[in-house]
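There are 2 protein chains.
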Amino acid sequence: MADTPELDERKETILHAVIDTYLATGEPVGSRTISKYTDLKLSSATIRNEMADLEDMGYVVSPHTSAGRIPTDKGYRFYVNQMMSVMKDINAREEDVQEREQEVQEMKKFLNEKVDRVDTLLQNVAKLLANNTNYATMVTTPQMSGNKLKFVQLTALGDKKVLAVIVMDGNLIRNKVFDFSEEITQEQILKLNILLNTTLNGLTLEQMNMSIISKMEQQAGPHGPLVREILNAIVETIQNADHLQIYTSGATNIFKYPELSDSSTASELISTLEEKQMLTNLVKADLEGDNETGIQVYIGEETPVETMKDCSVVTATYELQDGMKGTIGIIGPRRMDYEKVVGTLKTIRTELDGMFKKQS
Amino acid sequence: MADTPELDERKETILHAVIDTYLATGEPVGSRTISKYTDLKLSSATIRNEMADLEDMGYVVSPHTSAGRIPTDKGYRFYVNQMMSVMKDINAREEDVQEREQEVQEMKKFLNEKVDRVDTLLQNVAKLLANNTNYATMVTTPQMSGNKLKFVQLTALGDKKVLAVIVMDGNLIRNKVFDFSEEITQEQILKLNILLNTTLNGLTLEQMNMSIISKMEQQAGPHGPLVREILNAIVETIQNADHLQIYTSGATNIFKYPELSDSSTASELISTLEEKQMLTNLVKADLEGDNETGIQVYIGEETPVETMKDCSVVTATYELQDGMKGTIGIIGPRRMDYEKVVGTLKTIRTELDGMFKKQS
DNA sequence: ATTAGCACTCATTTTTCAAGAGTGCTAATA
DNA sequence: TATTAGCACTCTTGAAAAATGAGTGCTAAT
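Here the protein sequences come in this chain order: A and C.
Per the numbering used here, the very first residue in the first sequence carries number 1407; after that it's consecutive.
Per the numbering used here, the very first residue in the second sequence carries number 1407; after that it's consecutive.
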């Protein structure tokens, strides 16, 4: 608003100190503590005055008259913003990289071991993150946009059943078995294969509109209804392939934080993680808000998921070469270790890209 | 042991009454309550004496001197055994069927609506069960035994990649893409297809032993290593197809039962449900113990999963026509409504069979 | 064999009290 | 004018004490 910053330097230092200590201890922090903690060389009385100001400005509150202060969402927001802008320049502090080196190595090793499917990989990522951070985590499958059909291959299975193998760009493969009302011959299948592939190959889902479909139905002549059935299956399958899946892990980590572990809050949270339905909001918000870093921090009420208003959520977008995007999220208490979490997510984001290149 | 039953009729009645009331209230039940509850027309003092006997025999305990009694595992076991033997004759009480009729209808409707994949169906079953019973639930994918290979189909994807579509009996289909070190021609693929299918079709996993593999390697001549690679992929894929998947739901229902919701117990339980790893014990135990009814009740310490020793678990085997077997489990507090749970599971077991026939 | 009566036990709840942490305000100080 | 020391006051926390009440075990009466 004003062009002078709202907080002078001393207030900033004090606020930072308050939040730092609160993150570490989880207890309201008093003026005496700060007066010792900082190198400001100020008495507790002075700090008290400053803290009263900070309270007026809405950065901190005291839970009751004779307690220390705890940060408000606004306070956390200040802290995180400051942190993010510092991190942008430095990208990753030497010591942090050092410290996380081992983690990454361990992760790589673990991931390379028994991973033959992307979903297993993602599940493992969730699990590892949960273990390393002590927060709850979620990881989504990558979402493709503008999926192109590479080819379709029909095969008779006998018994009036036909197997359609649908291959999309990026070698994403889906199967669909369907029953016909009557037995189908080898020639018919051959014909259908040719018809489907000459018309559809290279098209995106959006391009398979009504006009193309009805044209194909005409060309198929007597097999019109059959073609329609197959097309529907294809469309549905492609849509399904794009179906968002969410893996979560470490839900019970929330019991490590007293402010979240009273049973009603905990129950609600775990439910949300278990049902996964509501987590899609998180993903949407994450994919839309494209800041440069690919990292998004939601503090308390800011989070797009109703049931998580007592938590903070940090999300990261990971992106594969083909423009497939997915989301990783970390859910913890407001007083989470933002610095470590953001750092870890930045690392994972990068690593994940490399790993996917190895997997097909 | 002795040929006279350990409990005379009066003791049985009283024990039954104690357990019944305890199931309903969750509080230790005292002698006065029982003296009113039963039609035995006995004073509380008499009941007190009988209860003291029951305590000596290990069917009940009092949590402290001046409290009522609660059932021990042995007590529950008696209760459940009695119930199961009664149910075997009656199969399903008229009123229960009536009462559950609506549930089943609702379920069928829901399941038929948006279910196009077996795994979604099973997930929904878990969810519905959890909602209807207020306990935590798990459902496994059906396990096949002696999976036979129907055929394999290799297709070039270009870019040194080959798609293998593996079709098993029961039209279970898996895909696997793999990279070769060098480009592969159309003829080579054709040859490989023929070689693979003439040799392998109709074989189970167990039959693909070393002698067959090395024989094929020889026949393939220069493509030996290639064939080996493909075979490995096939074997792995089939094993993977048989990979047990477990869906859980309603984990947070455990918060409805105070005896389970202190945070360490709850955390451990939810973890187990989330990780799913340990639940396989449950499945194994369920599939092995083949009693006539297909229903198995584990009380407290009896359960094959360590972390669930404060719970009771009821499992049911469902079986599809092709001999595929899966497990449904309900996890709740010791004082769960065994009668309702067993009844519901019996119904679901039957319904599920019908539904699978509809799905492919 | 059953029951009434009574003393006793122990968990639970409520009340009371003391300790401690931290604040806000005022007056003194540099 | 900005800082600090000092003090009264507030409110949480924890422990101890007291009251409540449900339920038992035992004895003596029926």
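Treat the hints loosely; a few may be bogus.
Calculated cross-link-like contacts (lysine to aspartate or glutamate; reagent style EDC-like; alpha-carbon spacing at most 20 Å) [stated by the list, open to error]: (1) 1556(A) to 1681(C); (2) 1662(A) to 1575(C); (3) 1582(A) to 1575(C); (4) 1447(C) to 1462(C); (5) 1566(A) to 1575(C); (6) 1662(C) to 1681(A); (7) 1662(A) to 1668(C); (8) 1533(C) to 1681(A); (9) 1556(A) to 1433(C); (10) 1682(A) to 1681(C); (11) 1566(C) to 1681(A).
A partial selection of chain C residues facing chain A, derived with a Cβ cut-off under 10 Å [unchecked claim]: (12) 1441; (13) 1490; (14) 1627; (15) 1650; (16) 1654; (17) 1657; (18) 1673.
Pair ranges (Cβ atoms, derived) [unchecked claim]: (19) 1599(A) to 1612(C): 29 to 39 Å; (20) 1525(A) to 1564(C): 17 to 27 Å; (21) 1494(A) to 1596(C): 33 to 43 Å; (22) 1683(C) to 1664(A): 26 to 36 Å; (23) 1620(C) to 1597(A): 21 to 31 Å; (24) 1447(A) to 1682(C): 15 to 25 Å; (25) 1604(C) to 1567(A): 41 to 51 Å; (26) 1438(C) to 1464(A): 57 to 67 Å; (27) 1683(C) to 1592(A): 44 to 54 Å; (28) 1586(A) to 1612(C): 31 to 41 Å.
In short, the hints are calculated from the structure, not lab data.
Backbone N, C-alpha and C fix where the C-beta goes; we use that ideal spot for every residue, glycine too.
*Measuring from the C-beta of residue 1627(C) to each C-beta in chain A, is the shortest one below 10 Å?*
Since chain A brings no Cβ nearer than about 27 Å to residue 1627(C), farther than 10 Å, the hint is violated.
*Pairwise hint evaluation, residue 1575(C) against residue 1662(A), where the allowed Cα distance is 20 Å at most*: With a Cα-Cα distance of about 48 Å, the restraint between residue 1662(A) and residue 1575(C) is violated, given a limit of 20 Å.
*Beta-carbon spacing of residue 1604(C) to residue 1567(A) - inside the hinted bounds 41 to 51 Å or not*: violated, 23 Å
*asked:* Check the hint pairing residue 1662(C) with residue 1681(A) against an upper bound of 20 Å on the C-alpha distance.
replied: Measuring from Cα to Cα gives roughly 18 Å; hence the hint holds.
*Could you see if the CB distance from residue 1438(C) to residue 1464(A) stays within 57 to 67 Å?*
holds, 59 Å
*asked:* Quick check on a hinted range of 31 to 41 Å for residue 1586(A) and residue 1612(C), using CB atoms only.
replied: holds, 34 Å
*asked:* residue 1566(A) and residue 1575(C) were given as a pair; does the straight-line alpha-carbon distance stay at or below 20 Å?
replied: Satisfied, since the Cα-Cα distance of roughly 15 Å is no more than 20 Å.
*Given pair status - residue 1668(C), residue 1662(A), alpha carbons within 20 Å*: Roughly 13 Å separates the two Cα atoms, so the pair holds.
*asked:* Verify the CB-CB distance for residue 1620(C) and residue 1597(A) against the hinted window 21 to 31 Å.
replied: Cβ of residue 1620(C) to Cβ of residue 1597(A): about 41 Å, so the range 21 to 31 Å is violated.
_Checking one constraint from the list: CA of residue 1566(C) to CA of residue 1681(A), max 20 Å. Satisfied?_
Since the Cα atoms of residue 1566(C) and residue 1681(A) sit roughly 40 Å apart, the hinted pair is violated (cutoff 20 Å).
*Proposed interface contact between residue 1490(C) and chain A, which counts if any beta carbon pair is under 10 Å*: violated, 31 Å
*So does residue 1683(C) sit 44 to 54 Å from residue 1592(A), Cβ to Cβ?*
Since the Cβ atoms of residue 1683(C) and residue 1592(A) sit about 46 Å apart, the hinted range of 44 to 54 Å holds.
Hints 1, 2, 4, 9, 11, 12, 13, 14, 15, 21, 23, 24 and 25, counting from the list given before, are not met by this structure.
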